[in-house]
Amino acid sequence: MHDLLQYLTSRHWEPAPEWLFLIPALLMLAAGFAAVVLRNLIHCALCLTLSFIALGVLFIALGAEFVGLVQLLVYVGAVSMLIVFAILLTPASEVAASNNPFRSFNLSRALNAAVGGFIVLLVLGGLLAAIAFSPHAQAAVLPTTAATLKPAAIGQNLLTQTLLPLQGAAILLTAALVGAALLAKEEKQS
Amino acid sequence: MMLQILLAISAILFCIGLLAALTRSNAILVLIGIELMLGAGNLNFIAFWKFSAHPELLTGVMFAIFSIALAAAEAAVGLAIIIQVHRRLRTVNINKADQLKG
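Residue numbers (the numbering used here), protein chains in the order written: chain A, 1 to 190; chain B, 1001 to 1102.
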């Protein structure tokens, strides 16, 4: 045990290679795609959670540790739970029906998927072309002074420069939570 | 080069979310797609912040934090609406909820 500790502390660690961020990125894309195409809604929610976790890890890998932790807290901790609760509170007949692999061929559903896929491919092609041929994106290099993100700097910025947006966000969050509770409340039968 | 890779990843994630929002008929899956698209936007904010000339100004980080807060509010209200729709119409299929009359 002591030898292991000594080895770990004495070893000279190489800086992480630059391509390492591709691992959470690819995991995020795969989990996101699975969340979209899977039939079972609970599986969708779990894959979405995995995608959110990978996105948070990607933020941390890019140097924005605070945003990554906020992502983990808010999305993985709160939004995923909300989605799971909503799925459990709305027992959809779709789950039972879609478990049957021999569904009858539905023309409107197939047309819907085809048109949606076409639009998505169009948007993706446009975005990728814009990214590939943008001179600004090609010329972008990492700034020489590596960005260090201190939570204290973020707090200072929140309470000076972005104080007004912070208050607005606070009002919006309060209104949204009260509104959500009101909306989801059981109505009295009168 | 790395900025372009990040932007391409973000574009693919956005299109995955768009696919869910356009083709799935379950309202919860549409909301999941919207969350994925918001995540792609956040990734763009962070990528542009990392490659900006003045990262110490924290502009992209602030945008991402506010965007995450707004996405949480949006998810809460959206899911409450979905639950209410399910209570009234007994379905969360957005093709069936096609009238404004309560």
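Simulated from the structure, these hints should not be mistaken for lab results.
Computed from a predicted model, the values in this text were never measured in an experiment.
Where a beta carbon is used, it is the ideal one built from N, C-alpha and C, also for glycine.
Be aware that a few hints might be false.
Claimed, not checked - Derived coverage of chain A by chain B (criterion: at least 3 residues anywhere in the stretch with Cβ under 8 Å from a Cβ of chain B; other residues may be distant):
#	stretch
1	5-12
2	22-33
3	39-48
4	72-82
Stated by the list, open to error - Anything over 10 Å on all C-beta distances counts as not near chain B; from chain A, calculated:
#	residue
5	2
6	173
7	188
- prompt: Are three or more residues of the stretch 22-33 of chain A within 8 Å, CB to CB, of chain B?
  reply: holds (count 6)
inquiry  = At 10 Å, judged by beta carbons, does residue 2/A keep clear of chain B as stated?
reply    = holds (40 Å)
Self-check item: Coverage criterion applied to the stretch 5-12 of chain A (partner chain B; beta-carbon cut 8 Å; 3 residues)
Solution: Since 0 is below three, the answer is violated.
Given as non-interface: residue 173/A, which should sit over 10 Å from chain B by C-beta = Violated, because the least Cβ-Cβ distance between residue 173/A and chain B comes to about 5 Å, which does not exceed 10 Å.
Check, residue by residue, whether the stretch 39-48 of chain A contains three or more positions whose beta-carbon lies closer than 8 Å to a beta-carbon of chain B, and give the verdict.
Coverage by chain B holds here, the residue count being 4 at a Cβ distance below 8 Å.
Query - Nearest-CB test (10 Å) between chain B and residue 188/A - result: holds (13 Å)
Examine the stretch 72-82 of chain A for residues whose CB is less than 8 Å from any CB of chain B, and state whether their number is three or more. holds (count 5)
Going down the numbered hints, you'll see the structure goes against 1 and 6, while the others check out.
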